[in-house]
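Protein chains: 2
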Amino acid sequence: MPVGVFDSGVGGLTVMREIIKALPDEHILYFGDTARVPYGVRSPETVLKYSVENSQFLMSQGIKLLVIACNTSSAVSLETLRVTLPVPVIGVVEPGARAAVALTKKKKVAVIGTETTINSSSYEKAIRAIDDSISVSGIACPLFVPLIEEGWLEGDVVRLTAEKYLAPVRQGSADTLVLGCTHYPMIKEVIRDTVRIALIDSAVETAREVKRMLGGQGLLRAGRGPAKRHYFVTDSPEKFIRVGERFLDHRISNITKISLDSP
Amino acid sequence: MPVGVFDSGVGGLTVMREIIKALPDEHILYFGDTARVPYGVRSPETVLKYSVENSQFLMSQGIKLLVIACNTSSAVSLETLRVTLPVPVIGVVEPGARAAVALTKKKKVAVIGTETTINSSSYEKAIRAIDDSISVSGIACPLFVPLIEEGWLEGDVVRLTAEKYLAPVRQGSADTLVLGCTHYPMIKEVIRDTVRIALIDSAVETAREVKRMLGGQGLLRAGRGPAKRHYFVTDSPEKFIRVGERFLDHRISNITKISLDSP
Chain A
1 MPVGVFDSGV GGLTVMREII KALPDEHILY FGDTARVPYG VRSPETVLKY SVENSQFLMS
61 QGIKLLVIAC NTSSAVSLET LRVTLPVPVI GVVEPGARAA VALTKKKKVA VIGTETTINS
121 SSYEKAIRAI DDSISVSGIA CPLFVPLIEE GWLEGDVVRL TAEKYLAPVR QGSADTLVLG
181 CTHYPMIKEV IRDTVRIALI DSAVETAREV KRMLGGQGLL RAGRGPAKRH YFVTDSPEKF
241 IRVGERFLDH RISNITKISL DSP
Chain B
1 MPVGVFDSGV GGLTVMREII KALPDEHILY FGDTARVPYG VRSPETVLKY SVENSQFLMS
61 QGIKLLVIAC NTSSAVSLET LRVTLPVPVI GVVEPGARAA VALTKKKKVA VIGTETTINS
121 SSYEKAIRAI DDSISVSGIA CPLFVPLIEE GWLEGDVVRL TAEKYLAPVR QGSADTLVLG
181 CTHYPMIKEV IRDTVRIALI DSAVETAREV KRMLGGQGLL RAGRGPAKRH YFVTDSPEKF
241 IRVGERFLDH RISNITKISL DSP
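Top line first, the protein sequences correspond to chains A and B.
The working numbering puts the first residue of the first sequence at 1, with every later residue one more than the last.
The working numbering puts the first residue of the second sequence at 1, with every later residue one more than the last.
Be a bit skeptical, because a hint or two may be false.
Note that identical chains are pooled: a pair holds if it fits in a single copy or bridges any two copies.
[To be verified] Straight-line alpha carbon distances no greater than 20 Å define the calculated SDA-like cross-link-like pairs of lysine to any residue that follow:
#	residue 1	residue 2
1	Lys164	Ala140
2	Lys239	Pro44
3	Lys257	Ser121
4	Lys239	Ser43
5	Lys49	Ile258
6	Lys108	Lys239
7	Lys164	Glu154
8	Lys164	Gly218
9	Lys239	Leu48
10	Lys164	Trp152
11	Lys64	Gly172
What the hints contain is simulated information worked out from the structure, not anything from laboratory work.
All values derive from a computational prediction rather than experimental measurement.
Could you put together the complete structure from these sequences and hints?
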């Protein structure tokens, strides 16, 4: 059975890329809810509803583990999906939070993400649940996602935007910055040059967690035959393929447009 | 009966603002499909489906005229809605196109808008249907909407973004630029400073067309009592109110969240 991965769009492909690196033999089903992207500007109740629908679709296809490869969804739906689904569920927030706790020496962590992720304080809660002596500050950076999807990954505009958003980090005393949105690894270098402190890439941490969980439960696929990957999207596939191949660093074929309205 | 106005989100409020200026006594129902915004990145078939649903909702509330205050929707759904609805339907593309034809001396017009609007060539078709000796070039500017919604209406980032997108207009010979997205009037000054040619604001032109149409059909409201305005949104109202009041230049009260999934 494959691993199921869902996101609001293409962003979760950075998580899938790391899962492929860590577990090249696993079959993977990726679901991108491109008709309803972006989740980062929607209300928590709407994001929860969409997340439940997306995971029910993947369950109907048969999966052995679910990855919520979207910070916004992880922040608002992880608890509900863990309680209601019969397979293990991994979000991107907890692995990123654990890595930040392990890395910070000054016990000061900054988190960047979409408005909904930052307003939910999900990283702060997850970090302080492990070590409540750590202080956590969050900054919403709503323009990073459209900039990245436009392919403006370097140059003046993205650099000035990063400087504007990240000024509080440069002026503050945090020694660790969590990339709390799956798009952000695409501009990791710009962010690193701007803040000059340690970065946590939740995609990398989440892939490690998937490997640990599958290994621990004896669910790793033995490598007979090539790994199969199938993509499902809710709007037309052209843009998903064009933007997504940059994120995934692999060709995207085997893609199906589905409708959640007509089950 | 009120005038009905729909858009994918807050952008159409620039059109409503101009309608209020031109027709201060009219009752107006505004529908912002904030749960499914933005339309500009979606496929034409999806935008058509959403537009039909939005207009059916407004019809169910009782309206005497429908304004499609969204370039993307106007481009793909105007014909269908004109044929199927029992009230007059006005989009934002035709009024902007007519104004461009009247204004250009060199018979060279440039149009800026979202990806879907530009790919649909709707302004080019509308302009050349009136005068096919006019040449029309289109430029998609996907970052303008998120920049405007973030409130970055002036400063380095919006200026550099405008310079990058509008370089072909500066180097070309068009003498008229159509703002083919209802958000763009919010950064009209930056755009004007960048291109230094005549601008067409479709919101202003559309409001004129609404006044002409209501007047011509004897549907203008006589001013007994204050005009009533009611807002409907499909996601939580907080962000709509916060961003929208800048667009509308009026207070937004009397707002209701509705769901199109459960009629």
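Hints, verified against the model:
Only within a single protomer do lysine 164 and alanine 140 lie at most 20 Å apart by alpha-carbon distance; the minimum there is 11 Å, versus 25 Å between protomers. When the C-alpha separation of lysine 239 and proline 44 is checked against a cutoff of 20 Å, the pair qualifies only between copies, where the shortest distance is 13 Å, while the shortest distance within a copy is 26 Å. With identical chains, the CA atoms of lysine 257 and serine 121 are never at most 20 Å apart, being 33 Å at best within one copy and 25 Å at best between copies. Taking the closest pair of Cα atoms, lysine 239 and serine 43 come within 20 Å of each other only across two copies (9 Å); inside a single copy the shortest separation is 25 Å, beyond that limit.
Taking identical chains as interchangeable, the C-alpha atoms of lysine 49 and isoleucine 258 lie at most 20 Å apart whether they share a chain (17 Å) or sit on different chains (15 Å). Taking the closest pair of Cα atoms, lysine 108 and lysine 239 never come within 20 Å of each other, the shortest separation being 39 Å inside a single copy and 30 Å across copies. Taking the shortest alpha-carbon separations for lysine 164 and glutamate 154, both the intra-copy value of 15 Å and the inter-copy value of 13 Å come in at or below 20 Å. For the identical chains of this complex, lysine 164 and glycine 218 are neighbours neither inside a copy (47 Å) nor across copies (53 Å), given an alpha-carbon limit of 20 Å.
Taking identical chains as interchangeable, the C-alpha atoms of lysine 239 and leucine 48 lie at most 20 Å apart only when they sit on different chains, with a minimum of 18 Å there against 25 Å within one chain. Taking the shortest Cα distances, lysine 164 and tryptophan 152 sit within 20 Å of each other both inside one copy (16 Å) and across copies (11 Å). Within a single copy, lysine 64 and glycine 172 get their C-alpha atoms no closer than 43 Å, and across copies no closer than 56 Å, so neither meets the 20 Å cut-off.
Against the hints set out earlier in the document, violations occur for numbers 3, 6, 8, 11.
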